[in-house]
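Student: Residues per chain, in single letters:
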Amino acid sequence: NAGVTQTPKFQVLKTGQSMTLQCAQDMNHEYMSWYRQDPGMGLRLIHYSVGAGITDQGEVPNGYNVSRSTTEDFPLRLLSAAPSQTSVYFCASSITGTKNQPQHFGDGTRLSIL
Amino acid sequence: AQTVTQSQPEMSVQEAETVTLSCTYDTSESDYYLFWYKQPPSRQMILVIRQEAYKQQNATENRFSVNFQKAAKSFSLKISDSQLGDAAMYFCAYLSYNQGGKLIFGQGTELSVKP
Chain A
1 NAGVTQTPKF QVLKTGQSMT LQCAQDMNHE YMSWYRQDPG MGLRLIHYSV GAGITDQGEV
61 PNGYNVSRST TEDFPLRLLS AAPSQTSVYF CASSITGTKN QPQHFGDGTR LSIL
Chain B
1 AQTVTQSQPE MSVQEAETVT LSCTYDTSES DYYLFWYKQP PSRQMILVIR QEAYKQQNAT
61 ENRFSVNFQK AAKSFSLKIS DSQLGDAAMY FCAYLSYNQG GKLIFGQGTE LSVKP
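Chains as they are written, first to last, in the numbering used here: chain A, 1 to 114; chain B, 1 to 115.
Wrong hints could be hidden among the right ones.
Claimed, not checked - Calculated lysine to aspartate or glutamate pairs in the EDC-like style (CA-CA distance at most 20 Å, straight line): (1) B:Lys-73 x B:Glu-15; (2) B:Lys-73 x A:Asp-38; (3) B:Lys-102 x A:Asp-107; (4) B:Lys-102 x A:Glu-30; (5) A:Lys-9 x A:Asp-56; (6) A:Lys-9 x A:Asp-107; (7) B:Lys-102 x B:Glu-61; (8) B:Lys-114 x B:Asp-26; (9) B:Lys-102 x A:Glu-59; (10) B:Lys-102 x A:Glu-72; (11) B:Lys-102 x B:Glu-29; (12) B:Lys-73 x B:Glu-17; (13) B:Lys-55 x B:Asp-86; (14) B:Lys-78 x B:Glu-10; (15) B:Lys-55 x B:Glu-10; (16) B:Lys-114 x B:Asp-86; (17) B:Lys-55 x B:Asp-81; (18) B:Lys-73 x B:Glu-52; (19) B:Lys-102 x A:Asp-38; (20) B:Lys-70 x B:Glu-10; (21) B:Lys-102 x A:Asp-73.
The set of hints was computed from the structure by calculation and includes no laboratory data. Everything numeric in this text was worked out from a predicted model, so none of it was measured.
When you get a sec, could you build the whole thing from the sequences and use the hints?
Tutor: Following this line, the structure appears as structure tokens:
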């Protein structure tokens, strides 16, 4: 059982480049979320999804796009990378219906924008 | 909007001693959930303990326990018999009852354990 899988684990981009951070879960969870972690600020929600075909913005959505075409996958796209997007990105998923269930986190992607 | 505040950026404890990490939150909701997550240097996010707001009894998980004061909006984590493996960043998090999947995190407290 792989849980939540994020790829890549590390990435360096140049300003203006685009890329997609991949996230996949094999637990049939309906809720999936993307967070970014910056020093001294904890984790902040970027986008989230409550099921296939449904996405919504979190606290810091600007500069990021998401889609949810399947239950398993929730990719995060940076269309034009900026240095301010240098961060560690976490994908998480949780089961629906029982809202007190904890989120399962991936191992994170460290992204550096030069 | 809900907010979570951890006012202790760093804490230190002697091995085998007890330490308490503070967390306060602000919300107008009556039903919600609170969590403590541990993040070791490996960067994994590991659930330590959870508390449902409607439960008056404080949650406990082995050496970890919470002091949940709903009226004061306080949710502190107590670690007893601290071990070297407890050294990590600890995050307090809030989850709205009606908004599953949207965790709101505090800034984190970095705990060091001295042998």
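Student: Decide, hint by hint, whether the structure agrees.
Tutor: Hint-by-hint comparison with the structure:
1. About 30 Å separates the Cα atoms of Lys-73 (chain B) and Glu-15 (chain B), which puts this hinted pair outside 20 Å; it is violated.
2. For the proposed pair Lys-73 (chain B) and Asp-38 (chain A), the alpha carbon gap of about 25 Å is over 20 Å, so the pair is violated.
3. At roughly 18 Å between alpha-carbon atoms, Lys-102 (chain B) and Asp-107 (chain A) fall within 20 Å of each other, so this suggested pair holds.
4. A distance of roughly 13 Å separates the Cα atoms of Lys-102 (chain B) and Glu-30 (chain A); the hinted pair therefore holds under the 20 Å criterion.
5. The hinted pair formed by Lys-9 (chain A) and Asp-56 (chain A) fails the criterion: a straight-line CA distance of about 25 Å is larger than 20 Å.
6. Between Lys-9 (chain A) and Asp-107 (chain A), the direct Cα distance comes to roughly 8 Å. Compliance with the 20 Å bound is thereby established for this hinted pair.
7. At most 20 Å may separate the alpha-carbon atoms for a hinted pair to count; Lys-102 (chain B) and Glu-61 (chain B) exceed this at roughly 24 Å.
8. At most 20 Å may separate the alpha-carbon atoms for a hinted pair to count; Lys-114 (chain B) and Asp-26 (chain B) exceed this at roughly 33 Å.
9. For the proposed pair Lys-102 (chain B) and Glu-59 (chain A), the alpha carbon gap of about 10 Å is at most 20 Å, so the pair holds.
10. For the hint pairing Lys-102 (chain B) with Glu-72 (chain A), the CA-to-CA distance comes to about 18 Å; that is within 20 Å, so the pair holds.
11. Taking the CA atoms of Lys-102 (chain B) and Glu-29 (chain B), the gap is about 14 Å. The hint holds against a cut of 20 Å.
12. For the given pair, Lys-73 (chain B) sits about 26 Å from Glu-17 (chain B) by alpha-carbon distance, which is inconsistent with the 20 Å threshold.
13. Between the alpha carbons of Lys-55 (chain B) and Asp-86 (chain B) the distance comes to roughly 27 Å, so the proposed pair goes past 20 Å and is violated.
14. This hinted pair checks out: Lys-78 (chain B) and Glu-10 (chain B) have alpha carbons roughly 15 Å apart, not beyond 20 Å.
15. Between Lys-55 (chain B) and Glu-10 (chain B), the direct Cα distance comes to roughly 29 Å. Violation of the 20 Å bound is thereby established for this hinted pair.
16. The suggested pairing of Lys-114 (chain B) with Asp-86 (chain B) holds, with an alpha-carbon distance near 11 Å, which does not exceed 20 Å.
17. Taken as a hint, the Lys-55 (chain B) and Asp-81 (chain B) pair is broken in the structure, with Cα atoms around 26 Å apart against an allowance of 20 Å.
18. Only pairs whose Cα atoms come within 20 Å are accepted, and Lys-73 (chain B) paired with Glu-52 (chain B) is accepted, the gap being roughly 13 Å.
19. Note on Lys-102 (chain B) and Asp-38 (chain A): the hinted pairing holds, with a Cα-Cα distance of about 18 Å set against a maximum of 20 Å.
20. For the hint linking Lys-70 (chain B) to Glu-10 (chain B), the alpha-carbon distance of about 25 Å lies beyond 20 Å, and the restraint is violated.
21. Between Lys-102 (chain B) and Asp-73 (chain A) the alpha-carbon distance is near 18 Å, which keeps this suggested pair within the 20 Å criterion.
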